[in-house]
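K.L.:
Here is how the chains run, residue by residue.
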Amino acid sequence: MNFNQAPAPFLKPLTSVGAIMRQVLYALVPATIAYVWFFGWGIVIQMLIAVVFALAAEAMMLSLRGRPLRPFLGDCSALITAVLLAWALPPTAPWWLAAVGVIFAIVFAKHLYGGLGYNVFNPAMAGYVVLLISFPQQMTQWIAPDFLIGESVRLSFMETLQAIFAGFPAGIDIDAVTAATPLDHLRTQLSQGAVIQEITTHPMYGMAAGHGWEWIGVFLLLGGAWLMYRRVIKWQIPAGVLLGLGGLAAIFWFIDPSTHASPLFHVFSGAAILGAFFIATDPVSAPASDKGRLIYGLCIGVLVYVIRAWGGYPDGIAFAVLLMNMAAPFIDHYTKPRTYGHERP
Amino acid sequence: MLTAILAMTLLALVFGALLGYAATKFRVEDDPVVERIVAILPQTQCAQCGYPGCRPYAEAIAKGEADINQCPPGGEAGIRALAELLDREPKPLSAEHGVEKPKLLAVIDEQTCIGCTLCIQACPVDAIVGAAKQMHTVIEAECTGCELCVAPCPVNCIDMVEVPVTVRNWKWPEPEKWLSPMKDAANG
Amino acid sequence: MAERLHRFRGGLELPGMKEAATASPIRVMPPPKRIVLPLSQHIGEPAKPRVAPGERVLRGQMVAAAEGVISAAIHASTSGTVVAIEDHLVPHPSGLAAPCIIIDADGRDEAIEPVPLSDWENRDAGEIRERVRDAGIVGLGGAAFPSWIKLSGNRDQPLDTLILNGAECEPCISCDDMLMRERADEVISGARIMLRALHARHCLVAVEDNKPEAAEALQAALAKFADPRIELVIVPSRYPQGGERQLIETLTGREVPHDGLPLDIGIVCHNVATAAAVHRAVVHGEPLTSRIVTVTGGGVAEPCNVEARIGTRMSELIAFCGGYRGDVARLIMGGPMMGFTLRSDDAPVIKASNCLLAGTAEEFAPRRETLPCIRCGACADACPASLLPQMLYWHTRARDFERVQEYDLFDCIECGSCDLVCPSQIPLVSHFRYAKTEIWGKNEERAKADNARRRHEARQARLEREAREQEEKRRRKLEALEKMKSGDAKKAEIAAALERAQKRKEERS
Numbered sequence: 001m002n003f004n005q006a007p008a009p010f011l012k013p014l015t016s017v018g019a020i021m022r023q024v025l026y027a028l029v030p031a032t033i034a035y036v037w038f039f040g041w042g043i044v045i046q047m048l049i050a051v052v053f054a055l056a057a058e059a060m061m062l063s064l065r066g067r068p069l070r071p072f073l074g075d076c077s078a079l080i081t082a083v084l085l086a087w088a089l090p091p092t093a094p095w096w097l098a099a100v101g102v103i104f105a106i107v108f109a110k111h112l113y114g115g116l117g118y119n120v121f122n123p124a125m126a127g128y129v130v131l132l133i134s135f136p137q138q139m140t141q142w143i144a145p146d147f148l149i150g151e152s153v154r155l156s157f158m159e160t161l162q163a164i165f166a167g168f169p170a171g172i173d174i175d176a177v178t179a180a181t182p183l184d185h186l187r188t189q190l191s192q193g194a195v196i197q198e199i200t201t202h203p204m205y206g207m208a209a210g211h212g213w214e215w216i217g218v219f220l221l222l223g224g225a226w227l228m229y230r231r232v233i234k235w236q237i238p239a240g241v242l243l244g245l246g247g248l249a250a251i252f253w254f255i256d257p258s259t260h261a262s263p264l265f266h267v268f269s270g271a272a273i274l275g276a277f278f279i280a281t282d283p284v285s286a287p288a289s290d291k292g293r294l295i296y297g298l299c300i301g302v303l304v305y306v307i308r309a310w311g312g313y314p315d316g317i318a319f320a321v322l323l324m325n326m327a328a329p330f331i332d333h334y335t336k337p338r339t340y341g342h343e344r345p
Numbered sequence: 001m002l003t004a005i006l007a008m009t010l011l012a013l014v015f016g017a018l019l020g021y022a023a024t025k026f027r028v029e030d031d032p033v034v035e036r037i038v039a040i041l042p043q044t045q046c047a048q049c050g051y052p053g054c055r056p057y058a059e060a061i062a063k064g065e066a067d068i069n070q071c072p073p074g075g076e077a078g079i080r081a082l083a084e085l086l087d088r089e090p091k092p093l094s095a096e097h098g099v100e101k102p103k104l105l106a107v108i109d110e111q112t113c114i115g116c117t118l119c120i121q122a123c124p125v126d127a128i129v130g131a132a133k134q135m136h137t138v139i140e141a142e143c144t145g146c147e148l149c150v151a152p153c154p155v156n157c158i159d160m161v162e163v164p165v166t167v168r169n170w171k172w173p174e175p176e177k178w179l180s181p182m183k184d185a186a187n188g
Numbered sequence: 001m002a003e004r005l006h007r008f009r010g011g012l013e014l015p016g017m018k019e020a021a022t023a024s025p026i027r028v029m030p031p032p033k034r035i036v037l038p039l040s041q042h043i044g045e046p047a048k049p050r051v052a053p054g055e056r057v058l059r060g061q062m063v064a065a066a067e068g069v070i071s072a073a074i075h076a077s078t079s080g081t082v083v084a085i086e087d088h089l090v091p092h093p094s095g096l097a098a099p100c101i102i103i104d105a106d107g108r109d110e111a112i113e114p115v116p117l118s119d120w121e122n123r124d125a126g127e128i129r130e131r132v133r134d135a136g137i138v139g140l141g142g143a144a145f146p147s148w149i150k151l152s153g154n155r156d157q158p159l160d161t162l163i164l165n166g167a168e169c170e171p172c173i174s175c176d177d178m179l180m181r182e183r184a185d186e187v188i189s190g191a192r193i194m195l196r197a198l199h200a201r202h203c204l205v206a207v208e209d210n211k212p213e214a215a216e217a218l219q220a221a222l223a224k225f226a227d228p229r230i231e232l233v234i235v236p237s238r239y240p241q242g243g244e245r246q247l248i249e250t251l252t253g254r255e256v257p258h259d260g261l262p263l264d265i266g267i268v269c270h271n272v273a274t275a276a277a278v279h280r281a282v283v284h285g286e287p288l289t290s291r292i293v294t295v296t297g298g299g300v301a302e303p304c305n306v307e308a309r310i311g312t313r314m315s316e317l318i319a320f321c322g323g324y325r326g327d328v329a330r331l332i333m334g335g336p337m338m339g340f341t342l343r344s345d346d347a348p349v350i351k352a353s354n355c356l357l358a359g360t361a362e363e364f365a366p367r368r369e370t371l372p373c374i375r376c377g378a379c380a381d382a383c384p385a386s387l388l389p390q391m392l393y394w395h396t397r398a399r400d401f402e403r404v405q406e407y408d409l410f411d412c413i414e415c416g417s418c419d420l421v422c423p424s425q426i427p428l429v430s431h432f433r434y435a436k437t438e439i440w441g442k443n444e445e446r447a448k449a450d451n452a453r454r455r456h457e458a459r460q461a462r463l464e465r466e467a468r469e470q471e472e473k474r475r476r477k478l479e480a481l482e483k484m485k486s487g488d489a490k491k492a493e494i495a496a497a498l499e500r501a502q503k504r505k506e507e508r509s
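Residue numbers (this note's numbering), protein chains in the order written: chain P, 1 to 345; chain V, 1 to 188; chain H, 1 to 509.
Among the hints, erroneous ones may be present.
Said to hold, decoys possible - Cross-link-like lysine to any residue pairs, in silico, SDA-like; alpha carbons within 20 angstroms at most:
hint, chain 1, residue 1, chain 2, residue 2
1, H, 442, V, 122
2, P, 12, H, 481
3, H, 442, V, 100
4, H, 442, V, 88
5, H, 48, H, 108
6, H, 442, H, 491
7, P, 336, H, 381
8, P, 12, H, 19
9, P, 234, H, 102
10, H, 436, H, 455
11, H, 448, V, 25
12, V, 103, V, 85
13, H, 448, V, 88
14, V, 103, H, 33
15, V, 63, V, 104
16, H, 436, V, 104
17, P, 12, H, 381
18, H, 448, V, 78
19, V, 63, V, 27
20, H, 33, H, 108
21, P, 336, H, 491
22, H, 491, H, 507
Said to hold, decoys possible - Pulled from the structure, derived: some chain P residues nowhere near chain H, Cβ distances all over 10 angstroms:
hint, residue
23, 96
24, 137
25, 289
26, 312
27, 323
For the record, the hints were derived by calculation from the structure and aren't laboratory data. For glycine and all other residues, C-beta sits at the position ideal for the given N, C-alpha and C.
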């Protein structure tokens, strides 16, 4: 009797790219709910816009490149790019912002580099940076959390939809519903000579960082912890980022707490936690070895602090990640682990 | 302005000197180019390139007298290696010099052989043993498959056969060629 | 001794899948009608036939002798007549045929007179090794390296530990488990013989913690022999615990040098089944003519462990286990991680056949579409050799075989862990095997080319020398002629000589 031949191993594969990517999406659910709680429906609408354009761009690029659609759309990597980019946008940003960003991310940062697995840069961050540089005004118009402006002026779902697709509805004072983010506020105030202790008395600040923001941070942290528990990501990169950022912040805070914010503030502000657990951990553009990933994370953390403290932008996750993406092959080269049976260096 | 120009000039000089020093200090002694070409050529000694052996061909390439695509046994892989070594564009094998074939082995039909020694004289690597009026035989391990012995044989008793694949020289196939996705390899 | 266990890096927790075949005791299969004995069942040179077609052979009679140092003898596994020595399908991933001795059994199963080495305790190491060599024993864990070579110690370094490997970490395989359960005495007795041959200080018998029955049986056997040098160690079940280098790391915390052998760190590792075979060869004088094979998988009617004669064709082995059941998608020799598929069940059981796996399509689904590598690093985490499979894969795809070797391709033990955890379902191990044989082939080609170059140069030199000599000869002849023509003195001399000769002639006549 004859049989077909195939190579070992014969056991069924334990996981798939789609399963990994889907778990990342699940891990973002609690923080997304918190986001909606504090800032309204904007983020959900942004996500939907980004997902629609991302899938369209992905399908278009795949068919242009002659690749099969089903396995590559099923890997959910375009969804991750879309969702992460939506997280980086102000919730009431015009719809075309998300579309432009996500199309740039998928077409240029991903497929022109060879598609899944070959991109040098994190696509979501590449898209974000393009938007930040090209449309600085729209990209920094952040909505204020509800408690700052009061229940009365809170944007309803329909109003948010209108704001995104047709501009803010008449009768709503843009200045009333938008506000600087805590990082931005702190930065402007510091440059005007104020000290931290006095700045943080503003109602925008909560226990450790921005009111609302810090809670979203906590839920992102929970999601990240779950991903580590599920072994979708490993601890090296998130730990590196938070340690690099928090450590450097701690040093300066220790030296002068009146002009340098606390490490807790830095960690729970802006995109630090999102970046540490969900953005920097994108495996394609990160180094491959454990040691390399720790170094990569640390460098990102340090760069974020440097950009926040002395750079031209209030937050620096995207720039830090993109800069370190470029260094990933170099880190890989110098952190090759010792193979079994080879001499310890 | 002037200081800037001066500073740049000075920097350029310093770095230029450093680079120059490094270039002489850490120079890697390379094999002469002929040796490196010889190392790439398959050493079949078949003379299909138009030169009486691999080394003369290598020397001709080094002098620029011969092109890199005249070696059929080396095939495309050989041309690519030569192109890389000499920093030239790879090109397809020149048809007038022959076609790339799987590696062959000369086999003498011992019933027909009359012991004329002509093939022994033709063999570039002394891979045929025998004496006048005695039957000849090919030392399999030494045969390069150059086919130079085939023409001189007056009784046409030399055949070129493909080297058989056995469990001892079998190679794992390239997975892409073996494993078309969603489908198993067919029998055989 | 092993006070504290260490942990090897990487690896996987895999399902055992051993229950089906361990439910019933080992079944002894009677000799089949036809025996097919491949001449190459071991690592090294193929054995050389010592019988001719038509010859009658007895069980245990050597039919092919070891050729060269690394080789092993082969014995008839039942009595009968040699019908042919020809190519026959052998169990090999290539699905190719290779030279085999084919014997038609006469059904009487007569054996040669065994010559036990019953007083082995007083014999020296050399005699024991010789016996093991003559019995054709090779590593029965699957590697099939001639065992007697691994029973010679190292002069430079005293041998510390003999490790008997009873880990059997690969799913589905249970032949060692059943052997230890039912024949623990043979294993321990074999260990004692090996200790004598190696002059080793002590012996660790390692069993994974998912085999409590085997451990119990071994413990009982140890109590019976009361040999304080031998100790049973229970190791955690983790794939590939049974890998020689991984087991050594678990037991001693030491690593075998990548370019060396366990012997270099004073350790020798044998499989438990090899120890039992050594016992039989030495104490009973029986050469290796049978082995225990696990026959299992969803595609076989009665999964069990069978003691089968070497040379039994797989089709008959399956028939002995109740035949096929359902739709068999794959016939695998070895386990589901490191085994290989057979082209046909016409291939025979060889010394390395630890398991025959008839897998259905539901058990072993065909591979899904491969996606590009996303560099997630799961493969590197699973690799017990601390390699970076994703980098090896990258360079293999680019056919950059030098780079692949820089990333230590040849330290890959092909355990398949990386392959199994890859979310993109990339057949990593297949790529690495391809790269390995490709590099070997290239090296061989290069060596052959070098050889051809040398021979060609030698020939050129010889032809030149011959031409020079010819030239020299011609020149000398010419010179002599010239001289003759030109030199008058010489002419006179010759004339004088001729004259003298003439005179003498005249005088005589």
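K.L.:
Could you run down the list of hints and mark each one as holding or not?
P.N.:
Taking the hints in turn, this is what the structure says about them:
1. A distance of roughly 27 angstroms separates the Cα atoms of residue 442/H and residue 122/V; the hinted pair therefore is violated under the 20 angstroms criterion.
2. Between residue 12/P and residue 481/H the CA atoms are separated by roughly 91 angstroms; this puts the pair beyond 20 angstroms, and the hint is violated.
3. For the hint pairing residue 442/H with residue 100/V, the CA-to-CA distance comes to about 17 angstroms; that is within 20 angstroms, so the pair holds.
4. Restraint check: the Cα-Cα separation between residue 442/H and residue 88/V comes to about 23 angstroms, which exceeds 20 angstroms; the hinted pair is violated.
5. Of the pairs offered as hints, the one joining residue 48/H and residue 108/H is violated, with about 26 angstroms between alpha carbons and a cut-off of 20 angstroms exceeded.
6. The hinted pair formed by residue 442/H and residue 491/H fails the criterion: a straight-line CA distance of about 69 angstroms is larger than 20 angstroms.
7. Distance restraint check for residue 336/P and residue 381/H: the Cα-Cα separation of roughly 13 angstroms lies within the 20 angstroms cut-off, and the hinted pair is therefore satisfied.
8. With a C-alpha separation of about 19 angstroms, the suggested pairing of residue 12/P with residue 19/H holds against the 20 angstroms cut-off.
9. Between residue 234/P and residue 102/H the alpha-carbon distance is near 56 angstroms, which puts this suggested pair outside the 20 angstroms criterion.
10. Between residue 436/H and residue 455/H the CA atoms are separated by roughly 28 angstroms; this puts the pair beyond 20 angstroms, and the hint is violated.
11. Proposed proximity of residue 448/H and residue 25/V is contradicted: the alpha carbons are some 37 angstroms apart, above 20 angstroms.
12. A threshold of 20 angstroms between alpha carbons decides the hint, and for residue 103/V with residue 85/V the separation of about 24 angstroms lies outside it, so the pair is violated.
13. Of the pairs offered as hints, the one joining residue 448/H and residue 88/V is violated, with about 27 angstroms between alpha carbons and a cut-off of 20 angstroms exceeded.
14. For the proposed pair residue 103/V and residue 33/H, the alpha carbon gap of about 41 angstroms is over 20 angstroms, so the pair is violated.
15. Distance hint between residue 63/V and residue 104/V is unfulfilled; the C-alpha atoms sit about 31 angstroms from each other, more than 20 angstroms.
16. Using a Cα cut-off of 20 angstroms, the hinted pair residue 436/H and residue 104/V is violated, with the two alpha carbons roughly 23 angstroms apart.
17. The suggested pairing of residue 12/P with residue 381/H holds, with an alpha-carbon distance near 19 angstroms, which does not exceed 20 angstroms.
18. Pair hint residue 448/H plus residue 78/V holds up; C-alpha atoms about 16 angstroms apart against a cutoff of 20 angstroms.
19. With a CA separation close to 24 angstroms, the supplied pair residue 63/V and residue 27/V exceeds the 20 angstroms bound.
20. As the CA atoms of residue 33/H and residue 108/H are separated by approximately 11 angstroms, the hinted pair is consistent with the 20 angstroms bound.
21. Between residue 336/P and residue 491/H, the direct Cα distance comes to roughly 89 angstroms. Violation of the 20 angstroms bound is thereby established for this hinted pair.
22. For the given pair, residue 491/H sits about 24 angstroms from residue 507/H by alpha-carbon distance, which is inconsistent with the 20 angstroms threshold.
23. Taking the minimum C-beta to C-beta distance to chain H, about 30 angstroms, the non-interface status of residue 96/P holds against the 10 angstroms cut.
24. In this structure residue 137/P is separated from chain H by more than 10 angstroms, as the shortest Cβ-Cβ distance comes to about 36 angstroms.
25. Non-interface call for residue 289/P relative to chain H: violated, since the shortest CB-CB distance, roughly 7 angstroms, does not exceed 10 angstroms.
26. Annotated as non-interface, residue 312/P keeps its C-beta farther than 10 angstroms from every C-beta of chain H; the closest such distance is 32 angstroms.
27. With a least CB separation of 18 angstroms from chain H, residue 323/P remains clear of the 10 angstroms interface cut-off, as annotated.
Hints 1, 2, 4, 5, 6, 9, 10, 11, 12, 13, 14, 15, 16, 19, 21, 22, 25 from the list above are not met by this structure, while the remaining hints are.
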